[in-house]
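Visitor: What follows is the residue order along each chain.
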Amino acid sequence: MLKLLKVFLRGLIITLLLPFIVAVWVLYGLYCIGLFIFMFVKTTIEYFKGGSFSADLPEDIEARRMVLEKEKRDEQAKEMLSSMYETSLAQQQANMFAQNQENCENSVENRDFLDEITSDEAEEKEDYTDDTSSY
Amino acid sequence: MTQAVINLSDNAKKALFILFLGIILVFVFVGYVSLAVQSAMKKQGSKADEMLQNVVRADYFTNEKAFMKYARKKNARVFYVQARLAFLIILGSILLYVLCCLFSGWWGNPFGRERGFGSLFYQFGEWPKEKFFGIKLISGWPEVVAKPEFKLEALFSYLFVPPFLVGCGWFLICTQSFIARSLRIIKIRNSIYRKKLAPEEPTSLTPEENNN
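Those sequence lines, one after another, are chains A and B. As numbered in the working numbering, residues 1 to 135 make up the first sequence, in order. As numbered in the working numbering, residues 1001 to 1212 make up the second sequence, in order.
Keep in mind that the hints were calculated from the coordinates and are not lab data. None of the values given here were measured: they were computed from a predicted structure. The C-beta atom is built at its ideal place from N, Cα and C for all residues, glycine as well. Hints may contain errors.
What the hints assert, rightly or not - If you want the ones that stay clear, here's a sample from chain B, every Cβ over 12 Å from chain A, calculated: (1) F1017; (2) F1029; (3) G1116; (4) K1187.
Stated by the list, open to error - In the BS3-like style, the derived pairs of lysine-lysine whose C-alpha atoms are separated by at most 25 Å in a straight line are: (5) K1136/B x K42/A; (6) K1013/B x K42/A; (7) K1013/B x K1136/B; (8) K42/A x K1047/B.
Working from the sequences, and respecting the hints, build out all of it.
Guide: Shown next as structure tokens:
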């Protein structure tokens, strides 16, 4: 209901302003007729001079070139960033691999050391059991 | 204190109610039509975004004046491209009419009833009117004066009027599109070159952060 009231009020305002709107439209229409004739004469002269008509202006062509360049630069920057990221990632992976290898070596050494300790302990235990069983 | 008493007959009450309802319906209809025109103009105005996007993205113009000059020029070119066919239709139909008139020797009104396009429509007499509170208001339907009739002598008018009206309508739509683009260009200019002091969107900072 509120929406309908809004539309009604809008219609009322538009109806009151309609003569002005129509006047502006007609004036613009007359201006457009003049503009069309001017453009027609201009393009005809250009045509007879050997040129061709296009909706694009020289500024458009230049701007399009600038945008393309900008896009290319952005793409290059993106590629560079991604390659930098990839190299840093590879470096990181290599570092991690080296670190892992070092850890593994350390762990092997530790295991050997531990094995030695455990074998000594076992021997000691066996000696002890032999001693106790003789009693 | 004087008190005005208005005695209305049942018919007058009915007429008053219908008149009131009719006025409301007309205003609502005009409101909906204006909404439709507004949305159509928004769509037409989006063409300005399309035609200016390269220049804006490349930051080609550093000052407002040069941007507006370029935008007006570009708008005129787009209008010319759009209106070419409409103008050609109008010009062609006028040429056809002039040629037909030269051949037949009849230089009358092509929209008229006798030998014009009007012969294809119903023709009504005057609207009957009655006095209502001192104002003359329409009180019924008018009489049918003439029924639609195909006249061979009006053939030139039948050939001329439809393309002419189509061309005129097309040209008016092109004009409306031109106005819509002009309005959109002004909006784009304001958004690019006229910075407002107050932020348009609220910042993400909380009041505490703002105080700090």
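Visitor: Each hint should be assessed against the structure and marked as holding or not.
Guide: Checked hints:
1. Every Cβ of chain A is farther than 12 Å from the Cβ of F1017/B; the closest lies at roughly 17 Å, confirming the non-interface assignment.
2. With a minimum CB-CB distance of about 7 Å to chain A, F1029/B fails to clear the 12 Å threshold, and the non-interface call is violated.
3. No beta-carbon of chain A comes within 12 Å of the beta-carbon of G1116/B; the shortest separation is about 24 Å.
4. The Cβ of K1187/B sits about 18 Å from the closest Cβ of chain A, beyond the 12 Å cut-off, so the non-interface label holds.
5. With a C-alpha separation of about 55 Å, the suggested pair K1136/B and K42/A falls outside the 25 Å cut-off, and the hint is violated.
6. Annotation: proposed proximity of K1013/B to K42/A is violated, straight-line Cα distance about 64 Å (limit 25 Å).
7. In summary, the hint linking K1013/B to K1136/B is supported, as the alpha carbons are separated by about 17 Å, within the 25 Å threshold.
8. In summary, the hint linking K42/A to K1047/B is supported, as the alpha carbons are separated by about 24 Å, within the 25 Å threshold.
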